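2 protein chains.
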Amino acid sequence: MSFDRMIEKIVETQNPTVAGLDPKLAYIPSYILDGAVAKYGKTLEAAAAALLEYNKGLIDALCDIVPAVKPQAAYYEMYGWQGVRTLAETVAYARAKGMFVITDGKRNDIGTTMEAYATAHLGKTDVFGEKTEAFGADALTVNGYLGTDGIKPLLGVCEAEDKGIFVLVKTSNPSSGELQDQKMESGKTVYETMGEFCEHWGETIMGKYGYSGVGAVVGATYPAQLGEMREKAPHTFFLVPGYGAQGGGADDVAPAFDKNGLGAIINSSRGIMCAWQKEKCDEHDYAQAARREAIRMRDEICARIGEIRANG
Amino acid sequence: MSFDRMIEKIVETQNPTVAGLDPKLAYIPSYILDGAVAKYGKTLEAAAAALLEYNKGLIDALCDIVPAVKPQAAYYEMYGWQGVRTLAETVAYARAKGMFVITDGKRNDIGTTMEAYATAHLGKTDVFGEKTEAFGADALTVNGYLGTDGIKPLLGVCEAEDKGIFVLVKTSNPSSGELQDQKMESGKTVYETMGEFCEHWGETIMGKYGYSGVGAVVGATYPAQLGEMREKAPHTFFLVPGYGAQGGGADDVAPAFDKNGLGAIINSSRGIMCAWQKEKCDEHDYAQAARREAIRMRDEICARIGEIRANG
Numbered sequence: 001m002s003f004d005r006m007i008e009k010i011v012e013t014q015n016p017t018v019a020g021l022d023p024k025l026a027y028i029p030s031y032i033l034d035g036a037v038a039k040y041g042k043t044l045e046a047a048a049a050a051l052l053e054y055n056k057g058l059i060d061a062l063c064d065i066v067p068a069v070k071p072q073a074a075y076y077e078m079y080g081w082q083g084v085r086t087l088a089e090t091v092a093y094a095r096a097k098g099m100f101v102i103t104d105g106k107r108n109d110i111g112t113t114m115e116a117y118a119t120a121h122l123g124k125t126d127v128f129g130e131k132t133e134a135f136g137a138d139a140l141t142v143n144g145y146l147g148t149d150g151i152k153p154l155l156g157v158c159e160a161e162d163k164g165i166f167v168l169v170k171t172s173n174p175s176s177g178e179l180q181d182q183k184m185e186s187g188k189t190v191y192e193t194m195g196e197f198c199e200h201w202g203e204t205i206m207g208k209y210g211y212s213g214v215g216a217v218v219g220a221t222y223p224a225q226l227g228e229m230r231e232k233a234p235h236t237f238f239l240v241p242g243y244g245a246q247g248g249g250a251d252d253v254a255p256a257f258d259k260n261g262l263g264a265i266i267n268s269s270r271g272i273m274c275a276w277q278k279e280k281c282d283e284h285d286y287a288q289a290a291r292r293e294a295i296r297m298r299d300e301i302c303a304r305i306g307e308i309r310a311n312g
Numbered sequence: 001m002s003f004d005r006m007i008e009k010i011v012e013t014q015n016p017t018v019a020g021l022d023p024k025l026a027y028i029p030s031y032i033l034d035g036a037v038a039k040y041g042k043t044l045e046a047a048a049a050a051l052l053e054y055n056k057g058l059i060d061a062l063c064d065i066v067p068a069v070k071p072q073a074a075y076y077e078m079y080g081w082q083g084v085r086t087l088a089e090t091v092a093y094a095r096a097k098g099m100f101v102i103t104d105g106k107r108n109d110i111g112t113t114m115e116a117y118a119t120a121h122l123g124k125t126d127v128f129g130e131k132t133e134a135f136g137a138d139a140l141t142v143n144g145y146l147g148t149d150g151i152k153p154l155l156g157v158c159e160a161e162d163k164g165i166f167v168l169v170k171t172s173n174p175s176s177g178e179l180q181d182q183k184m185e186s187g188k189t190v191y192e193t194m195g196e197f198c199e200h201w202g203e204t205i206m207g208k209y210g211y212s213g214v215g216a217v218v219g220a221t222y223p224a225q226l227g228e229m230r231e232k233a234p235h236t237f238f239l240v241p242g243y244g245a246q247g248g249g250a251d252d253v254a255p256a257f258d259k260n261g262l263g264a265i266i267n268s269s270r271g272i273m274c275a276w277q278k279e280k281c282d283e284h285d286y287a288q289a290a291r292r293e294a295i296r297m298r299d300e301i302c303a304r305i306g307e308i309r310a311n312g
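If you read the sequences in order, they're chains A and U. For the first sequence, counting from 1, position 122 maps to 122 in the UniProt record's numbering; every step adds exactly one. For the second sequence, counting from 1, position 5 maps to 5 in the UniProt record's numbering; every step adds exactly one.
Don't take every hint at face value.
It does not matter which identical chain is used: a pair holds within one copy or between any two.
Listed next, the in silico BS3-like pairs over lysine-lysine satisfying Cα-Cα at most 25 Å (straight line) [said to hold, decoys possible]:
id: 1; residue 1: K208; residue 2: K232
id: 2; residue 1: K124; residue 2: K9
id: 3; residue 1: K183; residue 2: K232
id: 4; residue 1: K56; residue 2: K278
id: 5; residue 1: K131; residue 2: K42
id: 6; residue 1: K280; residue 2: K124
id: 7; residue 1: K39; residue 2: K131
id: 8; residue 1: K280; residue 2: K97
id: 9; residue 1: K24; residue 2: K232
id: 10; residue 1: K188; residue 2: K280
id: 11; residue 1: K56; residue 2: K183
id: 12; residue 1: K9; residue 2: K280
id: 13; residue 1: K131; residue 2: K188
id: 14; residue 1: K280; residue 2: K24
id: 15; residue 1: K280; residue 2: K259
id: 16; residue 1: K131; residue 2: K278
id: 17; residue 1: K124; residue 2: K42
id: 18; residue 1: K280; residue 2: K56
id: 19; residue 1: K259; residue 2: K208
id: 20; residue 1: K183; residue 2: K131
It is worth saying that the hints were derived from the structure and are not from the lab. Everything numeric in this text was worked out from a predicted model, so none of it was measured.
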């Protein structure tokens, strides 16, 4: 019902990071692509098979040192329902390997429809009287533009199934400020208002480490706002995109953490997935290159957290 | 690149409505459910097969009188990747029958990822050098919380593929006002600001009927705001949910139309899908019950538009 399971994995691995699984064919070694095309031709089926093999290699190489993965739904939908099947299989594979899975779908809708999304990604679907997990992630990113009744159905599922959500607050993209930075008559910005909603929505699903099951997405590309929101939303766990390929570094993500070094999980997608291309290593070594980058990222961020804690 | 194709279908059928395809097993006649379970057991595969058969019946009964369908992605995701395959098959079936298809996904993300959603739902995916439609809808609903660079990738695809998007402006749910009705320092509400964004985003993809390819979702449950936005966003076509089961009637949707009776398409989902249950007719007659309700809705709304035009 909260992020306790995720926090315990972070503490266990001593690693507050999440590996984004946003696979494109362009990132995948040619031996995997060639194998899939040999089997299925130049089809969506082949693309979906290549994505799955690539993801499994990454998960195998990361599961003992990285607490969580974050598959981005868009990159699976791009390859049709076959790609979406790979999303479901990726979620199941990562969970079987003990990882916490955050499906990045940024879903949103009115109450009755949001129930369907909550069921799809976090709950269990009633299929002719049998309860079945459709996608079965541990957490889902959502968009709060529709207000409380677009969020409430998720809270019930989070409580019943021990899951969590991350609400978009201040996103990492260049134009996020067009709406999110605008000030309301109240004197508060839109993102600040959304952060307050998160604190409020989380009240009924508080965990034992001081954080609720309602987290927030706050981008590493806006470190000042990250620090501001850490103070203003003390019970809200942050999912922080924008590290690595988008430009954020360890100094930028530092303000996301509380004085105990908790409170945030930092995502890197392309940085980890494409490490083999950056390293220019043998493509068969792609998963170990991802592991090397994940360790480098962990060490960099943990060193920075260590300084924060040392300075009280 | 605009909504011209949709507008021409509305004019051709003399019907400014769209049938929402938000299927749940509870809405589906038992003979369809029983047939699916007999073939596939109590599985997601059976659910997906039942959804598809049900949808095809509705599409067959509606395609000559209703210009468009709007499948809601959540209800397909609820039935796993098998349900998502039914979404793809439903989109293809409706398009083959000449209907305009609006996938209601309310997708949103940062630029690079939004490109993937745009490709998935409106564009063509590059699969080993071959271009393939992953889902192939005519239009997609999206959420503009992330600002311009979350929308731009869609505009390129809309222009290249003759597609459109509907951005959430003022949603039909009870708590939509929590964020959307708040006033900014500018004196404008959040929904009004989002409406201005729509006008701006649409400038480069204007159609020949005065409306761009960037539409807006504005709920029938807020008729005053509907009228306000019709004036303030004169080039933005409205997708209007909230008619029927959510409480909106013909008087409520009337302000969405311009003086020519254009400018809006009114959605009914449960009202049409569940007409057979409301009528208590033979379940084998479910599709004809949907047709009867669609005709009733069309006539009710067109009568109201006729009054508006008569009164200048």
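Exercise. Using 25 Å as the alpha carbon limit, work out where K124 and K42 are close: within a copy, between copies, both or neither.
Key: This pair counts as between: shortest inter-copy Cα distance 14 Å, intra-copy 34 Å.
Quiz item: Is the C-alpha distance from K131 to K188 at most 25 Å within one copy, between copies, in both cases, or in neither?
Solution: neither (43 Å within a copy, 46 Å between copies)
Self-check item: Same-copy or cross-copy closeness of K131 to K278 [CA-CA at most 25 Å]
Solution: The answer is neither: 44 Å in one copy and 28 Å across copies each exceed 25 Å.
Exercise. Evaluate K24 and K232 at a C-alpha cut-off of 25 Å and name the case that applies: within, between, both or neither.
Key: Result: close neither inside a copy nor across copies, 37 Å intra and 41 Å inter.
Quiz item: How would you classify K124 and K9 at a CA-CA limit of 25 Å: within, between, both, or neither?
Solution: within (24 Å within a copy, 39 Å between copies)
Quiz item: What label fits K183 with K131 when the C-alpha limit is 25 Å: within, between, both, or neither?
Solution: neither (45 Å within a copy, 44 Å between copies)
Practice problem: At 25 Å max between alpha carbons, let me know whether K131 reaches K42 within a copy, between copies, both or neither. | Solution: Answer is between: at 10 Å across copies they meet the 25 Å cutoff, but 36 Å inside does not.
Self-check item: Status of K232 relative to K183 across identical chains (alpha carbons, at most 25 Å)
Solution: both (16 Å within a copy, 21 Å between copies)
Quiz prompt | Identical-chain pair category, K280 with K124, by Cα at 25 Å | solution = neither (43 Å within a copy, 30 Å between copies)
Self-check item: Intra/inter-copy verdict for K208 and K232 if alpha-carbon distance must be at most 25 Å
Solution: Classified as within: same-chain Cα gap 19 Å, cross-chain 49 Å, threshold 25 Å.
Quiz prompt | Within, between, both or neither: K188, K280 at alpha-carbon 25 Å | solution = Result: close neither inside a copy nor across copies, 47 Å intra and 52 Å inter.
Exercise. At 25 Å max between alpha carbons, let me know whether K280 reaches K56 within a copy, between copies, both or neither.
Key: within (21 Å within a copy, 51 Å between copies)
Of the numbered hints stated above, those contradicted by the structure are hints 6, 8, 9, 10, 11, 12, 13, 15, 16, 20, listed in ascending order.
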